[in-house]
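The numbering used here puts the sequence shown at residues 1 to 328.
Honestly, the hints are just simulated from the structure, not real lab data.
Since this is a predicted model, take the numbers as computed values, not measurements.
Just so it is clear, CB atoms sit at the ideal spot from N, CA and C, and this is done for glycine as well.
Do not rely on the hints blindly, as some may be mistaken.
[Unchecked claim] What follows is a set of in silico ranges between Cβ atoms, one per label pair, in the way DEER data are often shown:
#, residue 1, residue 2, range
1, R159, Y243, 26 to 36 Å
2, T52, P19, 45 to 55 Å
3, D35, A239, 19 to 29 Å
4, Q56, G260, 24 to 34 Å
5, D53, P25, 46 to 56 Å
6, R159, E139, 20 to 30 Å
7, A77, R47, 52 to 62 Å
8, L227, E107, 46 to 56 Å
9, G322, P25, 49 to 59 Å
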Amino acid sequence: MRIAILGASHWHVGIYYLPALQSLPVEIVGLADPDPAACAQHDPEGRWPHYTDWQQLLDDQRPDLVFAHAPHSEMTALAAGLVARGQAFHIEKPAGIDARALQPVVEAAEAGGVFNSVALVTRYVAGAEKLAGLRADGELGQPLHYYFRLFAGTPQRYRDWGVDWMLDPARAGAGPLMNFGPHGVDLFLLFTGEPVARVSCWTTHNLFHEEIEDLASIRLEGAGGTLGTVEVGYALPGAYERYFSLTTDRLHVGGILDAGQIIRRDGEPLPYSGLTADQAYHAYTADIVTRYAEGRPARITLADMLPVLRVVNLAQESLSSGGAWVEA
Numbered sequence: 001m002r003i004a005i006l007g008a009s010h011w012h013v014g015i016y017y018l019p020a021l022q023s024l025p026v027e028i029v030g031l032a033d034p035d036p037a038a039c040a041q042h043d044p045e046g047r048w049p050h051y052t053d054w055q056q057l058l059d060d061q062r063p064d065l066v067f068a069h070a071p072h073s074e075m076t077a078l079a080a081g082l083v084a085r086g087q088a089f090h091i092e093k094p095a096g097i098d099a100r101a102l103q104p105v106v107e108a109a110e111a112g113g114v115f116n117s118v119a120l121v122t123r124y125v126a127g128a129e130k131l132a133g134l135r136a137d138g139e140l141g142q143p144l145h146y147y148f149r150l151f152a153g154t155p156q157r158y159r160d161w162g163v164d165w166m167l168d169p170a171r172a173g174a175g176p177l178m179n180f181g182p183h184g185v186d187l188f189l190l191f192t193g194e195p196v197a198r199v200s201c202w203t204t205h206n207l208f209h210e211e212i213e214d215l216a217s218i219r220l221e222g223a224g225g226t227l228g229t230v231e232v233g234y235a236l237p238g239a240y241e242r243y244f245s246l247t248t249d250r251l252h253v254g255g256i257l258d259a260g261q262i263i264r265r266d267g268e269p270l271p272y273s274g275l276t277a278d279q280a281y282h283a284y285t286a287d288i289v290t291r292y293a294e295g296r297p298a299r300i301t302l303a304d305m306l307p308v309l310r311v312v313n314l315a316q317e318s319l320s321s322g323g324a325w326v327e328a
């Protein structure tokens, strides 16, 4: 399988995707990025062709599958271009910053049968897999309350990684609200099985005084009555902090999704095993490659990203209204 990487400057390329792809039986046929130094950083020996124009790469190399990345504000146009070419692709979340702009791209991809995948990778960790299985089997119960927290390092890390655009609201869409928020919103929609009815949001810039927020807290009310909170931030002096909680009329979950037996029914833990969050991107990459090779659709597509991005946009609308509830 011939694979090309677009947007080589995206930090996930070097940390996750390139190492994962090099461990799989695939052929990397080129790297593209507007900054030639980004390609050279990943491939100083020149093992693969380097391009500044991703369309030229596709014209020259004819890859089977593309791993596509870009500043958030450019993602929807990139996805639209790939769909128009009938090019199978993965794209990083959030796949854009405006759900209204993303919707016609989703419709075109579905109408054209274009293979696509979006990296909402938290679905792959052990606890999330177990909960998804319980829901599919009718064993999850009626959700009552949901909580998701993902805090990471300070905004300086994006400067250190050479992706300063992540600190520019015009290009990033927001800070952790747009970057991490989709993971928490996605699991709320997945496990409650109900659309969001109302959203409110508040943010703070008190820690680092950047143009993007330090912390964001999104309150969600599901159409079925489930109450949820998603809290995300660039706040830690160290690594990640994750916490997940879900209460239904049958069970309770409280802890880190990828560690320990945190799912309990009648006070007793339900056993499960699987991936940690650190392993999820590698598994996601391998799953995309396998599904494409076997002619199966991806587990998570642009169609799954669309309702998530709608909720994030509602959270932004709430911010502009002083944190007031916004009806979906």
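Evaluation of the provided hints:
At roughly 27 Å, the beta carbons of R159 and Y243 sit within the given window of 26 to 36 Å. For the pair T52 and P19, the beta carbons lie near 24 Å from each other, so the given range of 45 to 55 Å is not met. Checked against the hint of 19 to 29 Å, the C-beta distance between D35 and A239 comes to roughly 27 Å, which is consistent with it. At roughly 49 Å, the beta-carbon separation of Q56 and G260 lies outside the given 24 to 34 Å, and the hint is violated.
Distance hint check: the CB atoms of D53 and P25 are about 28 Å apart, inconsistent with the given range 46 to 56 Å. Our hint of 20 to 30 Å for R159 and E139 is violated, since their Cβ atoms are close to 46 Å apart. At roughly 29 Å, the beta-carbon separation of A77 and R47 lies outside the given 52 to 62 Å, and the hint is violated. Checked against the hint of 46 to 56 Å, the C-beta distance between L227 and E107 comes to roughly 32 Å, which is inconsistent with it.
With their beta carbons about 54 Å apart, G322 and P25 fall inside the hinted range of 49 to 59 Å.
When held up to the earlier numbered hints, the structure conflicts with 2, 4, 5, 6, 7, 8 and fits the remainder.
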